[in-house]
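**Student:** Starting from the given sequences, assemble the full structure and let the hints guide the process.
Just so you know, we're using full-length UniProt numbering here: the sequence shown kicks off at 1 and counts up by one.
For the record, the hints were derived by calculation from the structure and aren't laboratory data.
Any given hint could be a false lead.
[Said to hold, decoys possible] Mimicking EDC-like on lysine to aspartate or glutamate, the simulated pairs with C-alpha atoms at most 20 Å apart in a straight line are:
#1 K293 / E223
#2 K158 / E245
#3 K258 / E271
#4 K205 / E266
#5 K158 / E189
#6 K126 / E147
#7 K205 / E147
#8 K205 / E254
#9 K258 / E223
#10 K78 / E109
#11 K273 / E223
#12 K126 / D239
#13 K258 / E245
#14 K273 / E262
#15 K113 / E271
#16 K78 / E38
#17 K293 / E254
#18 K280 / E189
#19 K293 / E259
#20 K18 / D239
#21 K78 / D53
#22 K258 / E211
#23 K302 / D314
#24 K126 / D14
#25 K18 / E147
#26 K318 / E203
#27 K258 / D239
#28 K158 / E109
#29 K302 / D239
#30 K68 / D14
#31 K68 / D91
#32 K113 / E189
#33 K35 / D239
#34 K113 / E266
#35 K302 / E38
#36 K78 / D14
#37 K126 / E38
#38 K18 / E51
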Amino acid sequence: MAETIGSEVSSMSDKSAKIFVAGHRGLVGSAIVRKLQEQGFTNLVLRTHAELDLTRQADVESFFAHEKPVYVILAAAKVGGIHANNTYPADFIGVNLQIQTNVIHSAYEHGVKKLLFLGSSCIYPKFAPQPIPESALLTASLEPTNEWYAIAKIAGIKTCQAYRIQHGWDAISGMPTNLYGPNDNFHPENSHVLPALMRRFHEAKVNGAEEVVVWGTGSPLREFLHVDDLADACVFLLDRYSGLEHVNIGSGQEVTIKELAELVKEVVGFEGKLGWDITKPDGTPRKLMDSSKLASLGWTPKVSLRDGLRQTYDWYLKNVCSQ
Numbered sequence: 001m002a003e004t005i006g007s008e009v010s011s012m013s014d015k016s017a018k019i020f021v022a023g024h025r026g027l028v029g030s031a032i033v034r035k036l037q038e039q040g041f042t043n044l045v046l047r048t049h050a051e052l053d054l055t056r057q058a059d060v061e062s063f064f065a066h067e068k069p070v071y072v073i074l075a076a077a078k079v080g081g082i083h084a085n086n087t088y089p090a091d092f093i094g095v096n097l098q099i100q101t102n103v104i105h106s107a108y109e110h111g112v113k114k115l116l117f118l119g120s121s122c123i124y125p126k127f128a129p130q131p132i133p134e135s136a137l138l139t140a141s142l143e144p145t146n147e148w149y150a151i152a153k154i155a156g157i158k159t160c161q162a163y164r165i166q167h168g169w170d171a172i173s174g175m176p177t178n179l180y181g182p183n184d185n186f187h188p189e190n191s192h193v194l195p196a197l198m199r200r201f202h203e204a205k206v207n208g209a210e211e212v213v214v215w216g217t218g219s220p221l222r223e224f225l226h227v228d229d230l231a232d233a234c235v236f237l238l239d240r241y242s243g244l245e246h247v248n249i250g251s252g253q254e255v256t257i258k259e260l261a262e263l264v265k266e267v268v269g270f271e272g273k274l275g276w277d278i279t280k281p282d283g284t285p286r287k288l289m290d291s292s293k294l295a296s297l298g299w300t301p302k303v304s305l306r307d308g309l310r311q312t313y314d315w316y317l318k319n320v321c322s323q
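**Tutor:** Next comes the structure, spelled out in structure tokens:
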């Protein structure tokens, strides 16, 4: 089936069209709901896990038969860090495969016009070329620490492609880079690098600590995208992209961990010193996605890292510290 990209005709002109956002309480799903509401969409279908367990095939089929949404954004997934992936590999592959298969199949069966499946940059090989193009998928071995999750997400991309090839159904996939923003996970043990840094600097400031020590040398390069930008890109793709290949969604901007730590320190207002424990591992030297395909369609990010960090810290103060 031919790709249709950068279409001049909007496919989402009807603001009353029913849109099911699966995973609406998470970092990504909640941002997508905010973006859709901001753009005037009035008929969003949202279900908590208690209301609809997406791993239960019969329940998912019943939901789609009853609600009959026009669009589906699949942002629901079982996620976690390295420790969780290593401890619960069966959950990470099994639960995610169940969610994807149930939602994609029922969406097709019940006449959904278009579906957007969201994955993760961990789908790419451990030693992928930098920046990572979409074509790097399945060219080499994965990072072993998150392969269970990655394989499930790759299967999701391939499922969307299979339904497009066999049934001519409009299922697309987007692969975001490292995300941050409101509703992020600031847990002391299992949060990602950016919220972890923010929490540590904040607690150091509150406790009057003299120094915050960060693992490694600070030299690795990382890419970050504000979740509001991701949400904007998702609505853009749902509206404007219809193609077989998945699309990378990144900022295109790299920052060293050292630059990131200094910026978070500044935003939080920690006055002490920043130290580095160079006996600890650095991790992958560079991880940047090639988002030129998305840029060529006409989408670019709008939130700068500094502004995004300020906004995220404000949210952290109001929603995490106040609890």
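**Student:** State for each hint whether it applies.
**Tutor:** Hints versus structure:
Of the supplied pair hints, the one linking K293 and E223 holds, its CA atoms being roughly 17 Å apart against a limit of 20 Å. A hinted pair counts as satisfied when its Cα atoms are at most 20 Å apart, and K158 with E245 qualifies at roughly 9 Å. Among the hinted pairs, K258 with E271 is consistent with the structure: their alpha-carbon atoms are about 16 Å apart, no more than 20 Å. Taking the CA atoms of K205 and E266, the gap is about 11 Å. The hint holds against a cut of 20 Å.
Distance restraint check for K158 and E189: the Cα-Cα separation of roughly 33 Å exceeds the 20 Å cut-off, and the hinted pair is therefore not satisfied. Note on K126 and E147: the hinted pairing holds, with a Cα-Cα distance of about 10 Å set against a maximum of 20 Å. Proximity of K205 to E147 is assessed by CA-CA distance (about 37 Å); at most 20 Å being required, the pair is judged violated. A distance of roughly 27 Å separates the Cα atoms of K205 and E254; the hinted pair therefore is violated under the 20 Å criterion.
Note on K258 and E223: the hinted pairing holds, with a Cα-Cα distance of about 13 Å set against a maximum of 20 Å. About 24 Å separates the Cα atoms of K78 and E109, which puts this hinted pair outside 20 Å; it is violated. Distance restraint check for K273 and E223: the Cα-Cα separation of roughly 25 Å exceeds the 20 Å cut-off, and the hinted pair is therefore not satisfied. Taking the CA atoms of K126 and D239, the gap is near 32 Å; set against the 20 Å cutoff, the hint is violated.
With a C-alpha separation of about 35 Å, the suggested pairing of K258 with E245 is violated against the 20 Å cut-off. Straight-line distance between C-alpha atoms of K273 and E262 comes to about 10 Å, which keeps the hinted pair within the 20 Å bound. Annotation: proposed proximity of K113 to E271 is violated, straight-line Cα distance about 53 Å (limit 20 Å). Taking the CA atoms of K78 and E38, the gap is near 27 Å; set against the 20 Å cutoff, the hint is violated.
At roughly 18 Å between alpha-carbon atoms, K293 and E254 fall within 20 Å of each other, so this suggested pair holds. Restraint check for K280 and E189: satisfied, since their Cα atoms lie roughly 16 Å apart, inside the 20 Å limit. Only pairs whose Cα atoms come within 20 Å are accepted, and K293 paired with E259 is rejected, the gap being roughly 27 Å. For the hint pairing K18 with D239, the CA-to-CA distance comes to about 14 Å; that is within 20 Å, so the pair holds.
Taking the CA atoms of K78 and D53, the gap is near 12 Å; set against the 20 Å cutoff, the hint holds. With a C-alpha separation of about 15 Å, the suggested pairing of K258 with E211 holds against the 20 Å cut-off. Distance hint between K302 and D314 is fulfilled; the C-alpha atoms sit about 19 Å from each other, no more than 20 Å. With a CA separation close to 42 Å, the supplied pair K126 and D14 exceeds the 20 Å bound.
For the proposed pair K18 and E147, the alpha carbon gap of about 35 Å is over 20 Å, so the pair is violated. Pair hint K318 plus E203 holds up; C-alpha atoms about 15 Å apart against a cutoff of 20 Å. For the hint linking K258 to D239, the alpha-carbon distance of about 38 Å lies beyond 20 Å, and the restraint is violated. The straight-line distance between the Cα atoms of K158 and E109 is roughly 18 Å, inside the 20 Å bound, and the hint therefore holds.
For the suggested pair K302 and D239, the alpha carbons sit about 18 Å apart, so the restraint of at most 20 Å is met. Distance restraint check for K68 and D14: the Cα-Cα separation of roughly 16 Å lies within the 20 Å cut-off, and the hinted pair is therefore satisfied. Restraint check for K68 and D91: the C-alpha separation of about 29 Å exceeds 20 Å, so the hint is violated. A distance of roughly 41 Å separates the Cα atoms of K113 and E189; the hinted pair therefore is violated under the 20 Å criterion.
The hinted pair formed by K35 and D239 meets the criterion: a straight-line CA distance of about 13 Å does not exceed 20 Å. Between K113 and E266 the alpha-carbon distance is near 46 Å, which puts this suggested pair outside the 20 Å criterion. As the CA atoms of K302 and E38 are separated by approximately 16 Å, the hinted pair is consistent with the 20 Å bound. Straight-line distance between C-alpha atoms of K78 and D14 comes to about 32 Å, which puts the hinted pair past the 20 Å bound.
A distance of roughly 37 Å separates the Cα atoms of K126 and E38; the hinted pair therefore is violated under the 20 Å criterion. As the CA atoms of K18 and E51 are separated by approximately 18 Å, the hinted pair is consistent with the 20 Å bound.
Checked against the numbered hints above, the structure violates hints 5, 7, 8, 10, 11, 12, 13, 15, 16, 19, 24, 25, 27, 31, 32, 34, 36, 37; every other hint is satisfied.
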